[in-house]
Structure formats: C-alpha cells, structure tokens
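Residue numbers (my numbering), protein chains in the order written: chain W, -10 to 366; chain B, 113 to 421.
Just so you know, not all the hints are guaranteed correct.
[Stated by the list, open to error] Only part of the chain W face toward chain B is listed, based on derived beta-carbon distances under 10 Å:
#, residue
1, M(-10)
2, L(-6)
3, E(-4)
4, S91
5, T94
6, H262
7, Y277
8, Y280
9, G283
10, H307
11, S352
12, E356
[Stated by the list, open to error] Ranges between beta-carbon positions, derived for each pair:
#, chain 1, residue 1, chain 2, residue 2, range
13, B, D358, W, L75, 28 to 36 Å
14, B, T411, W, A311, 20 to 28 Å
15, B, T411, W, R49, 51 to 59 Å
16, W, D(-9), B, A255, 36 to 44 Å
17, B, F414, W, D323, 29 to 37 Å
18, B, D211, W, D39, 36 to 44 Å
19, B, Q330, W, A311, 33 to 41 Å
20, W, A311, B, G119, 36 to 44 Å
21, B, A331, W, D39, 48 to 56 Å
22, W, R49, B, D358, 30 to 38 Å
23, W, D39, B, R324, 54 to 62 Å
24, B, R378, W, D194, 54 to 62 Å
[Unchecked claim] Covered stretches of chain B, as calculated for chain W (at least 3 residues, CB under 8 Å):
#, segment
25, 116 to 124
26, 315 to 327
27, 332 to 340
Since the hints were derived computationally from the structure, they do not count as laboratory data.
Ideal Cβ placement from N, Cα and C applies to all residues, glycine included.
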Amino acid sequence: MDLDLDERTLAFRDEARAWLAANVPAEPLKSFDTAEGFAQHREWECRLADARWSVVSWPREFGGRDASLLEWVLFEEEYYAAGAPLRVNQNGIFMLAPTLFSHGTEEQQRRILPKMARSEEVWAQAWSEPEAGSDIAALRSTATRCDGGWRVSGQKTWSSRATFADRAFGLFRSDPDSVRHKGLIYLMVDLRAEGVTVRPIPQLDGEPGFAEIFFDDVFVPDQDVIGAPGEGWRVAMTTANNERGLSLRSPGRFLAAADRLVSLWHDAGRPAHTADRVADAWIGARAYQLYTLGTVTRLSDGAELGPESSVNKLFWSHLDVALHETALDILGPDAELRGAWSDGWLFSLAGPIYGGTDQIQRSIVAERLLGLPKGAR
Amino acid sequence: MRFALSGEQEQFSRSLHDLLSGVDTDSANRSWAAGDHGPGLKIWRRLAELGVTALAVPEKYDGFGATPVDLAVGFERLGYHCVPGPWTDTVAVLPSLLDDELLTSVASGETLASVAFAPHVPYALDSDVADARLAVEKGRLRAFTPGALLSSVDGSRRLFQPVAGDDLGTALDAEHAFELGCLATAAQLLGTGRWLLDTSVAYAAQRKQYGREIGGYQAVKHLLADVATGLALAEPLLFGAAVTLDRRDVSAAKVACGDAAHLAARTGLQVHGAIGYTAEHALGLRLTRVRALVGAWGTPRFHRERVLS
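Input sequences plus hints: build the corresponding full structure.
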C-alpha cells in the first residue's frame, strides 16, 4: 500500500500544473447557464483541447493523452486547485463518452468524440420526464421505428445544459408493449432538429440551467442509436454508475473547496462555533480523495464500478452541501450576498437530487451492498 | 501508487478473523471485567502465536518490524472481535518508546504493557495484568504503580490512576508512539463499527415485525446505508494515515473512524431495539467500547484541532 507517484506520473502532474498556472483565466468566467458564459466556456474548452487537456484519459486519436485513471485524478486535483472553470461539456465528456467507449460503434466514436473533446458540440442529458424523476424506468417518451431510423415523441424535463447545448442523449421507449426496464432505446438527438422545442427553466440562481425538451415526431437516424434497440437500460447503466461514481464529481473539486474553507475560517479569526464543521469538511474531502485512489487501484486491477458508486454519491453530495453551508455560516450576514460561496451553495443543493436521489442511493446501498430484502422504493 | 492492501495483508486479516471467530471473546470480556484475566490471556497467547504481539517490535528483538499499515490491519480485526486487553499500549505504542531487551518478551506475548500518556491518556489501561507500566510525559518515561481502580463506561477496560515512580530517561520516540496509539485506536473503532453493521444487518434480515423482516422497511434500510457509507469512507482515511503517519491524516482517521463507529453503535441499538439494551447481548459490549475509544488517545475535539492547525 503506497501513495507514492512514479517519475512519469509526477512529470505528468507537473506539466498539468504548469500549463494551468499559465492559462487559467484570471477573471472567473460567467455562469455557463447564460448565453455569454456559455460562449466563454466553449472558448475555454477549445483552449484546453488545443493543449490536449480537455479529455486527458481518452485515446490520443480522439484528442486525449491516453492518461491512466490515476493521472486523470491528479489532473482533476490540479485543475480545481488552480481555480479553473467548471466544465460546460461535462455531461458529454463524463456521461456520454464512457457509454460510447463501451457501447458505441467505431463510426459513432469517430464522428462524435473529437467534436466533444473541443466542445464544438456541447451535450445535454435528457433523462428525467415529468412523471419519472429518479424512476427512469417509468419514462413514457416513445421512439417508433421508421425508414432509416426512429420517430421520437414525448417530453423530457430538468435537462441540464439543454438551453444552450447542441445535442442531447437519453432513453426512449421503443417497444410500446414493454414495461419498466425493458423495451428502451438509447438515442442521441440533435436539439436543432425539426420538431424539437426547448423551453428553458431557470434554476435557483435564476439562470436557465435546466430546460424542458418537447419532441414532436422528431426523426433520429439509425446512426444515432447506441447499442441495440430494447437494450437501452443496460447501456444507460454504464452512464449512471459513471455519474454517481468516479467521473462526474472529481475529488479535486472538494479538496480545493475544503482548503479554501479552512483558509476562510482562519481569515475570519477562527470562529469557534464553526470549528468542528470546518474540520469535518476537510476530513470528508480527504476521505473522498483517498477513497477515490482506492477505487482507481481496484479499477486498474480489472474491477468494475458497481453499487459502490451509490456510497460515493451519498457521501460527496452531503459533503458538498455541508462544506458550503459551513462557509456561509462563517461569512455571517455577508453570506446573503451573491458570490462564489453562495453560488457554490446553490450548485451543491442539486447534489442529493440528481443522478438518483439520496433515497434511491440508500436503497441501492442497503439492498445491493448490504443484502437487505428488496422492497418498494 | 497502489492504494490497496497486499495479498499478505489480506491473508493476515483473514487468519486473525478465523482464529477470533473460533473463540468466545464476549465471555472473555465479561471475565476480564470481573477481574478474571484467564480467558483473555489465553486469547492473547494464541494471537501472539500468529505474530500479532511481534508486529511493531524491531527484528533485533525477534519482532517483525512491520509497517503501520500492518498494525492497522491487525487492530481493525481486534476491534471487530472486541478483544479485551491493553493491545494498543503493548503492541502499537511500547515498541516506539524503548530500545530494550524487554521487547523480546513483548514480541513473544509474555509481557503486557500499560501506558499512560499525558495529557491525552490520563488513566492507564489494565495495569493490574500488565507487567510493564510506563508513563510518558513531555518525551520522558517514568515507571508508575497503579493507584485506584477506576470504573470505565466499558467494564472490560480496567483503568488505573497511575502513581508516578522512577524516571527512566528519554523516550525513544514519544511522538511516533503517540501517532501509533491514535492509529491503533482508530483501527479498532473501524473494526468495531463493522461488527456492529454486520450484526445489525443480519438481525434486520431475520427479525420480523408486522409480518415482514424489519430490514425490508425503507426507514431501517436507510439508517444502515448511512452506517455503511460512514465506514466505507473512514477506511481509506485509516490506511492513508497509516501510509503517511502525517499528524493531520492520523487525526482525520481518528475522528472519522470514531464518528462512523459511533453511528454504527447508535444505529445498531435502534435496529435491535430492547434486546440490544440488555447486558446479555453482545451489542452492549461494543456500544460501550466505542464510547470509550472515541475519547481515548485524543478526544474528537483535540483531533479536530490538529486537523485545522
């Protein structure tokens, strides 16, 4: 058991650190849920991609560096420690891309991944439906076979990034007689296609981070089906584990925030009433970092991400909220003013909801990891 | 970077588990609490045969010179099985305090030690059964004689007021000894928490109320899922601290393992209901052990302060 980095890995980390120090914008970008901020973020992604830092773990042919999982984790730590912008295309890079690598055809990979790496195409996720929420298997939007593809009708909601994104991915019911997890199809849809209407939904911060997407007989060509029709659920599970698990919530982000929180506390004169919570936030961030290194080791040994992803998600989503609420309590009356901490707090509140609510995650942990009897959710 | 136990460490953990699963540590704890050390010492000798007492002893005194990670592996299993006796003092702490022939008999399992460590360990554990009694203060060692027997919330921890005697000179490495004492305590807390979770899950899966297993109720499931999450994230802190022995990491591990074990104990009692509140049930032994260990080798307050300093 060791935490030592070999020379090659150290060199990788140093290169990342140096590049970020020289290139991270001095002024924070505007929120990517505004038109102006979205454009700024696209530009930033392009700059990252030019230096091959946008998708470090991908193969070189698609714009990556063939970085190991460990190198990816170290890159993320450097990225957030440097105060670099959030990733506007994270739905694509961290949710759709792993699915394409596992289930996509060679043609799909060649067509889609290079544009994703440069954020020439930014992706929205289209999982939730008005009556479904965390119960994705209850979705009702349909895909009907037609010549050369599928005709899609229905509605998605709470779709992150859909307001400004170019394309979306999600599940649709391809067999009208099927129930629950069977008979679903995984599709990639052009948000500018005929029949698509996107209605922005402002989030708590007032910006349209969400949208409803209405599909009125929208044509999706066969080339945009991932995996076999009817097998969508199985294909989607790769994405769900990735979302809950390793990739979307980098430990680097929490550790950087925890370090800032400890500094904030010292600068505020070490207020005693928040001391325990500041310490616990740092302890939690360090725990999550080490837990991730354990996951990296297991995956390098050939294990797959399983229901442990739910342990992961329960933990970081609460850590994120606690960390920001502690910061706001330290700030006192100024916490009410909009700023980095209050924006981070608003952002953190979504954690225990998306990608499966806390309640869904706890049931997964209890049933699939602890082996308790299955029951109604 | 390889953040996982080695095959040997996994094997060592399994050997300890197999041995301890075959002995009745619950009744050994009860005898120990009543002043009868016989059954507990029998377990001590069997664990000594497996090499547990020799772990941190240098090779020149017939020990293994094992790493803190090995110690954490061993102490996690001692905690899981709630083994009575001054294990932390003897196996984790003493070898860093002395460079002395005495360690040969520690390694072989003949000598038990009781260590008071001012100011965080004011009372000495099991001084009546230990032959080596040392008080550490500001880097110096003193012999002590046990004064009054104090009553611990955990009856199988027999605490004594140390009465200082001869000055024995400078401790070999008091700081290192302290970190290992904290680490061993954190490891026992993690192990005890895991026993509490396993036992509560097993109970919830068979105990029926209103016609179905209580573990099928979401309210119970979700309590246990939170325990599992706490323990899962405390573990990497424990082993991370064992690798770095950095003060901040050791304190983080002590706090997190204590919190996770405490949640496991409180949840375990809630899941078991009244049966868990009886002295006959094994749960109570762990519940009070956890409470005692949370405050031993540095309180949560002390360790949180170290995290922030």
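Consistency of the hints with the structure:
1. With a least beta-carbon distance of about 5 Å to chain B, the hint placing M(-10) of chain W at the interface is held under the 10 Å criterion.
2. Interface restraint check: L(-6) of chain W against chain B, minimum CB-CB distance 6 Å, threshold 10 Å, status holds.
3. Violation of the interface hint for E(-4) of chain W is found here, the shortest Cβ-Cβ separation to chain B being roughly 12 Å, above the 10 Å cut-off.
4. Taking 10 Å as the C-beta cut-off, the interface hint given for S91 of chain W is violated, the closest approach to chain B being about 24 Å.
5. Restraint check, T94 of chain W versus chain B: the minimum CB separation of about 35 Å is more than 10 Å; hint violated.
6. Evaluation of the H262 of chain W hint against chain B yields a violated restraint, the C-beta minimum of about 13 Å exceeding 10 Å.
7. Residue-level restraint check for Y277 of chain W holds (minimum Cβ-Cβ distance to chain B is 7 Å; threshold 10 Å).
8. The criterion of a C-beta within 10 Å of any C-beta in chain B is met by Y280 of chain W, whose closest approach is roughly 5 Å, and the hint holds.
9. Given hint, G283 of chain W at the interface with chain B, holds; its Cβ is 5 Å from that chain's nearest Cβ, closer than 10 Å.
10. For H307 of chain W, the suggested interface contact is upheld, since its CB lies about 9 Å from the closest CB of chain B, less than 10 Å.
11. The interface hint given for S352 of chain W is met, as the beta carbon of that residue sits about 6 Å from the closest beta carbon of chain B, less than 10 Å.
12. Hint status for E356 of chain W: holds, given a least beta-carbon distance of 7 Å to chain B, under 10 Å.
13. At roughly 30 Å, the beta-carbon separation of D358 of chain B and L75 of chain W lies within the given 28 to 36 Å, and the hint holds.
14. Checked against the hint of 20 to 28 Å, the pair T411 of chain B and A311 of chain W passes, with Cβ atoms roughly 21 Å apart.
15. The hinted range of 51 to 59 Å is satisfied by T411 of chain B and R49 of chain W, whose Cβ atoms lie roughly 53 Å apart.
16. Range check, D(-9) of chain W to A255 of chain B: Cβ separation about 39 Å, and the 36 to 44 Å hint holds.
17. Roughly 31 Å separates the CB atoms of F414 of chain B and D323 of chain W, a value that falls within the hinted 29 to 37 Å.
18. Take D211 of chain B and D39 of chain W: their Cβ atoms lie about 59 Å apart, and the range 36 to 44 Å is violated.
19. The supplied range of 33 to 41 Å is broken by Q330 of chain B and A311 of chain W, whose beta-carbon atoms lie about 23 Å from each other.
20. In this structure the hint that A311 of chain W and G119 of chain B lie 36 to 44 Å apart at CB holds, the actual value being about 37 Å.
21. Distance hint for A331 of chain B and D39 of chain W: a CB-CB separation of about 53 Å, consistent with the stated range 48 to 56 Å.
22. For the hinted restraint 30 to 38 Å between R49 of chain W and D358 of chain B, the CB-CB distance of approximately 37 Å keeps it satisfied.
23. Distance hint for D39 of chain W and R324 of chain B: a CB-CB separation of about 60 Å, consistent with the stated range 54 to 62 Å.
24. Checked against the hint of 54 to 62 Å, the C-beta distance between R378 of chain B and D194 of chain W comes to roughly 37 Å, which is inconsistent with it.
25. With 4 residues bearing a CB less than 8 Å from a CB of chain W, the segment 116 to 124 of chain B meets the requirement of three and the coverage assertion stands.
26. Check result for the segment 315 to 327 of chain B against chain W: holds, 5 residues qualifying (beta carbon to beta carbon below 8 Å, three or more required).
27. Only residues whose beta carbon comes within less than 8 Å of a beta carbon in chain W count, and the segment 332 to 340 of chain B has 7; three or more means the coverage holds.
The structure does not agree with the numbered hints 3, 4, 5, 6, 18, 19 and 24 stated previously, though it agrees with the rest.
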